[in-house]
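Asker: Sequence:
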Amino acid sequence: MRRKIAAILAADIAGYSRLVAEDEEETLRRLAVYRGVFEDFVSRAGGRVFNTAGDGFLAEFPSAVDAVRCAIDAQESLRTRNLAYPPSRQMAFRMGLTIGDVVDRDGDLLGDGVNIAARLQTLAEPGRICISKSVYDSVANKLSVQFTDLGPQQVKNIPSPVHVFGVATGEVAPPKSAQIKLSGKPKVGPVTAAAAIVGALLAGATIAMLTKTVIEPAKKTTAEEATKPAAVEASQPDDAAKARSGSQIEATKAPAAEPAAAASITPATTSQPTTETAANNPKPVTANQSDDVASMGRLRPRWWSECKGDDRAAAIRACRRLIDNGGIEGTDLALAYEKLAYAQRQGGQLDDAITSFTTSISTAESASAYNERGTAYFLKGQLNDAMADYDRAIALDGTNGNAFNNRAWVNYKLGRIKEAKADADRAQSLSPAKADVYDTRGHIFEALGDRAAAIKSFEKALSLDSTLQSSETALKRLGAR
Numbered sequence: 000m001r002r003k004i005a006a007i008l009a010a011d012i013a014g015y016s017r018l019v020a021e022d023e024e025e026t027l028r029r030l031a032v033y034r035g036v037f038e039d040f041v042s043r044a045g046g047r048v049f050n051t052a053g054d055g056f057l058a059e060f061p062s063a064v065d066a067v068r069c070a071i072d073a074q075e076s077l078r079t080r081n082l083a084y085p086p087s088r089q090m091a092f093r094m095g096l097t098i099g100d101v102v103d104r105d106g107d108l109l110g111d112g113v114n115i116a117a118r119l120q121t122l123a124e125p126g127r128i129c130i131s132k133s134v135y136d137s138v139a140n141k142l143s144v145q146f147t148d149l150g151p152q153q154v155k156n157i158p159s160p161v162h163v164f165g166v167a168t169g170e171v172a173p174p175k176s177a178q179i180k181l182s183g184k185p186k187v188g189p190v191t192a193a194a195a196i197v198g199a200l201l202a203g204a205t206i207a208m209l210t211k212t213v214i215e216p217a218k219k220t221t222a223e224e225a226t227k228p229a230a231v232e233a234s235q236p237d238d239a240a241k242a243r244s245g246s247q248i249e250a251t252k253a254p255a256a257e258p259a260a261a262a263s264i265t266p267a268t269t270s271q272p273t274t275e276t277a278a279n280n281p282k283p284v285t286a287n288q289s290d291d292v293a294s295m296g297r298l299r300p301r302w303w304s305e306c307k308g309d310d311r312a313a314a315i316r317a318c319r320r321l322i323d324n325g326g327i328e329g330t331d332l333a334l335a336y337e338k339l340a341y342a343q344r345q346g347g348q349l350d351d352a353i354t355s356f357t358t359s360i361s362t363a364e365s366a367s368a369y370n371e372r373g374t375a376y377f378l379k380g381q382l383n384d385a386m387a388d389y390d391r392a393i394a395l396d397g398t399n400g401n402a403f404n405n406r407a408w409v410n411y412k413l414g415r416i417k418e419a420k421a422d423a424d425r426a427q428s429l430s431p432a433k434a435d436v437y438d439t440r441g442h443i444f445e446a447l448g449d450r451a452a453a454i455k456s457f458e459k460a461l462s463l464d465s466t467l468q469s470s471e472t473a474l475k476r477l478g479a480r
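Each residue of the sequence shown is one higher than the one before, counting from 0 in numbering that gives the first Met the number 0.
If you are wondering where the hints come from, they were derived from the structure by calculation, not from laboratory data.
There could be a bad hint or two in this list.
DMTMM-like cross-link-like pairs, simulated, lysine to aspartate or glutamate; straight-line CA separation at most 20 Å [said to hold, decoys possible]:
1. K132 <-> E23
2. K132 <-> D103
3. K459 <-> E471
4. K475 <-> D103
5. K459 <-> D424
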């Protein structure tokens, strides 16, 4: 046994027993997805989950700043996923963070640091985070986040009161019955900069980020983003969040698509938007209309460029201009809707994104649109819908390595390791130079118990992309780093 100082994060689901009582199977399925999202964010932040029990998780970090960022990003990603469910079925986490002295016993941590983090978690409202003063003092001048001073709080089995601060994590409306009465009188702390919190994917993380944004897992950005297969140890990173730049869904390893811009999933399209003038879509032109047509011809190339660009807000505006005023139709119109949906998904507007992807598909079917809509479903935790879209993408284009890689990741998350392996093998043959493909295979080999093959795959992934945190963390977990 050895002692050390660490930042400890404790997380627990509010009302978990009630959720299980109402629908055990659905609750357990979603818990697996959310656990994967949480673990992926922890992994990307340089931490590790050292204990899980039921609906609870304990993680350690070498840095308080990284721990707080991880907690905020995870809460935002999970909050976005909850939007797909009615309030009574939302699965909200309470989180507590402290810095303390702990004892490391064969990888498990014990001591006051762990106990206090667990107690702070019970003080947080659903979807919220409570931190100790030691954490606040370490991060207050380093993060642009709003804190609320909740004052000293007496917590169970801790002799001295713990000074507690609340962390802003976005709009959360927990049931009144779930709110906590605190003994201290809340007051706004000195740090009042507007919260700048990014949801994952994404997760990457994306999401996290499901991050591996699996699907292909375009770059599994967001964190493996999604859920862990029942057959895989909970300690393995997950959905959402390899979400970095590719088609991995926020925050958890999410299915992937062709990389387009850093930290984003870019759909692999089979048709390119035309940037030519209105002559491509001839319409009757009168003498007094010619100036308008010429102006449209000058504007459309710029709109296409912005619609496909990295600036999410600008992309949404430009794509809408193309759709409403660009005089486009057919595959061009379908592509504009697909790019709009992609930008919406990157902004966490999953329902809007699914609607736009659906419009794109109804206008002109494409493997890319199905693959990208599957990623949106994956981020919402709707794995069956995601799988159906990946199936359709592959049926339309049997050479779509992204779709095979994304489907492999979903199968992996569902514990269908044999099917996952077959899809991963196919993805490798189609996309032999993509790091995410080897990362996916590494996790599958690890689930199969083939440590040597897993290490080889993770090392290959890093040779292709040295920033792939999922593979780096996996190698450390396997003792190869």
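Asker: Against this structure, judge whether each hint is valid.
Answerer: Hints, verified against the model:
1. K132 <-> E23: 38 Å, violated
2. K132 <-> D103: Not OK: K132 and D103 at ~23 Å, beyond 20 Å, violated.
3. K459 <-> E471: 11 Å, holds
4. K475 <-> D103: Holds, at about 17 Å.
5. K459 <-> D424: Holds: K459 and D424 sit about 14 Å apart, inside 20 Å.
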